[in-house]
Amino acid sequence: MENTLIFNQYDMVISFTEDAINAELKKLAYEGTIKQEIVLYRVLNAQGIYDYTIANSNSDVPQGAEYIDGMVIPGIRIDHSGSNVVLVLNFISGKGYFADKNGFGPLAKLQEYDMSNWKYGFTVNLDLTSYKDDGTHKPSPAVEQQLKNFNAGNLSIDCLFLDFVSSDLKTTIPAETSCPAEMIEFMSFYFMHLNSTGNPYILGYSANASGSSSFSQNIPPQLKPVGTDYTMFSDPNYPALSNLNYTLVTQGGHGSISGSPATLDSNWFNPNSTPAGKMIISSQCLLEALILRPFYNNLQQQTIAQVSQHVNVGAGNSYDAAKSVQGNAWSFNISNVNGGDDQYVNNFAVVLQNAGNAINLEFTGGVHIYKEVSKDCFFCTARAHASADIQWKGVVNISIANGQLQLNKSFNITGQNSDHDTNSCADAFSWMGAIIGGILDVFTFWTDNGMFSNLLSDALSINLPGIGDLTIGLDNFSNSINNMVLTPTGSKYNLSPSGNSPAIDQKGDVYLGLSLN
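First residue of the sequence shown? That's 1 in UniProt numbering, and the numbers climb one at a time after it.
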């Protein structure tokens, strides 16, 4: 599936590379948030079923029990695109004690194994939408929160450890498993134990982010996530750039999750430019919802408010009816009444351009109004007409400065012309002159002291209900990212500028780089 088709179901994607996630998990282990030493033993109960216990130290292990005592660092591998991720337990040292299969029962002796450089990997399905309350699979409260009640804390890597109860946890991945068969059998039974006890955490721990986080209420609803799922992308050429993608729906976008995210077919990340993460926002939620559609509506309303006093025409097309897209050029035909006594043509185009470390929205447009009046007299026909034409251009620049999305704009008139005429018969009718004079008054008002340029600029003074100006909403959104994208170590990711951040594609989707603060 073409990557951007994911926005048919979701509104935003936040993507982290495999390398970035593993670096954070390693840091988490070294700092002690994840207990590095794992002491795990098992004994047979009266029903002949293994009971597993995590002990504080090997001195707590009952005599004769099989156990492992190892130093471990968790990691992930993304070997296939889709909903599965491989969780890998990397044992850097330790000892394992497993029963010698040549013995039986109490006669079986424990055999010692050196666990250095052992790996145990297994598949975990992170498609949260597969957990439905159908009587057989009930999502844990944490998963339910992921799907329906998004909050900032959900964007920490502890989400990887949320709910493995419904997954096939005893299947090892040969490419990621480097340990004796005894270890594989030992761990497989442990995962069966986890399923039976309902423990949603692997090895009894979760990688919780340090500190707390909150999500600003004062951001545009189109940028406020309310539900999330995951999809993985595996890059066989650059495995370190394989990535885990949080797929988000927003309050003002799709509103709720409608199904599993589709499999991506290309990498968001470029080997020549590798930020720790990326945020991709659909055109419907940023470019269109917060810039183009409000600009269109404002320009349409402000223009017709003056034109309709002198020309008998309607407001024109709705935004969706007016829009046409060809490549990176978006055209908007507000009105195209170009014949008859009352004419009103109003259109503009926007070219989406990447300008190094910024996005330029290059506007060009024009307005044409025409009015003709006539009256049949006994000896002649009185005629009078007037027309006014204005051409304009502008640039809206979107950039990142000090971790904030910045929006700057400038508009100016590039051409202007007016014309009027009356025949000798019409000169006798002063009311004709008043009608024609009204058209010229509009033209004079627009061209005097840059009033039409101000009208265009005002059309981009977009007010967000309950928030204020668009720039305030973007500031609040930028500030929220600092808390929204938390790693387990408490590190924060900020918006970061680069040669391709921010960037925009022909569909209007916006790409923002994330750097580790």
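Don't take each hint at face value.
As the list claims (entries may be wrong) - List time: in silico DSSO-like cross-link candidates among lysine-lysine, alpha-carbon distance up to 27 Å: (1) Lys109 <-> Lys119; (2) Lys507 <-> Lys323; (3) Lys119 <-> Lys27; (4) Lys507 <-> Lys393; (5) Lys95 <-> Lys26; (6) Lys393 <-> Lys409; (7) Lys26 <-> Lys109; (8) Lys323 <-> Lys409.
No lab work stands behind these hints: they were computed from the structure.
Hint numbers not upheld by this structure, sorted from lowest to highest: 7
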